[in-house]
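S.K.: Listed below are the residues making up each chain.
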Amino acid sequence: MSRPNHIEIALVKIHSGQWFTWTDSKNKIYANLRLTDKIGVDGNIVDNTVTELPTESAVNAKLKEMQDAWDAANG
Amino acid sequence: MALSKIDVANMLTGATPVANGGTALTSGFVNGITMVDQWRLTTSFSGNADPIASNWERVDTDSDGVPVGTGMSESSGIFTFPSTGIYIIKYQGVGHGLAHSQRLSWNIQVTTNNSSYDMGSNHHEHLRFYGSSLDTWCSGFCEHVLDVTNTTNVKVRFGFGAGQGGEECIGDSGGTYTGVSFTRIGDT
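Chains Y and X, in that order, give the protein sequences.
No gaps in the numbering here: position 58 of the first sequence is 58 in the working numbering, and each next residue is one more.
Just so we're on the same page, the working numbering is the position in the second sequence counted from 1, plus 1000.
If you are wondering where the hints come from, they were derived from the structure by calculation, not from laboratory data.
Keep in mind that the hints are not guaranteed to be accurate.
[To be verified] Derived DEER-like restraints, expressed as beta-carbon distance ranges:
(1) X:Ser1073 with Y:Val46: 46 to 54 Å
(2) X:Gly1065 with Y:Ala72: 21 to 29 Å
(3) X:Ser1115 with Y:Gln67: 32 to 40 Å
(4) X:Met1119 with Y:Lys38: 20 to 28 Å
(5) X:Asp1147 with Y:Ala61: 31 to 39 Å
(6) Y:Arg3 with X:Ile1033: 13 to 21 Å
(7) Y:Gln67 with X:Gln1164: 22 to 30 Å
(8) Y:Ala61 with X:Asn1150: 49 to 57 Å
Small disclaimer: the values here were computed from a predicted structure and weren't measured.
Yeah, the Cβ is synthetic: ideal placement off N, Cα and C, and Gly gets one too.
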């Protein structure tokens, strides 16, 4: 994989499952980030257990952490 | 006198012969494929989704050409058919893992009572672990032929299983990684 370069890559690592969505899936910026209403768990569609979006700075920090790890592993 | 046109409606009777020993055509015909639709996952996620309940969109890039006819409708990951008939459902998936080495699964789930779902088709793929800093990819595919006798009760949805929980199912709105297609091939 190339060096992590998008916040979605970080979001996937912050929580598991389909906890987030975009108001515009072709413009995936933090301002368009939303929580999903429902998730699929063990065959049932239930309320999203994640109730609060991470802050933009927290998302960016996670992305930077992943980039640093990638840099360390790939020289 | 040379004929420039043949009045098929009035002059043609009986069976129309077929070349090379085929069976003669004796009845009216309609177009074989009247419905095709294709949807995809727009957003990646990690872990299980049973079912994938959000982030579906109809494929809308690269002169996709869908839907043909009236397409599927989707709500919370549950797909409803536009009419009764025999359908081929295809489900492709792309998985990714970093420091995970368990199997991934993609499955088509079917209900005939609009309530409880059974496994229609399932594909498992093993994601090989190369090292803690090396990521790996894999793909999965399964298909199911479904007789939709009732559009209210017969529906489908799609699942993803992550063996260790950290594996990802890849979605993208710019091109299809994980997606499904529906083709109606005939009457029920």
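S.K.: Enumerate the violated hints, using their earlier numbering and listing them in ascending order.
M.R.: Violated hints (numbers, rising): 1, 2, 3, 5, 6; every other hint is consistent with the structure.
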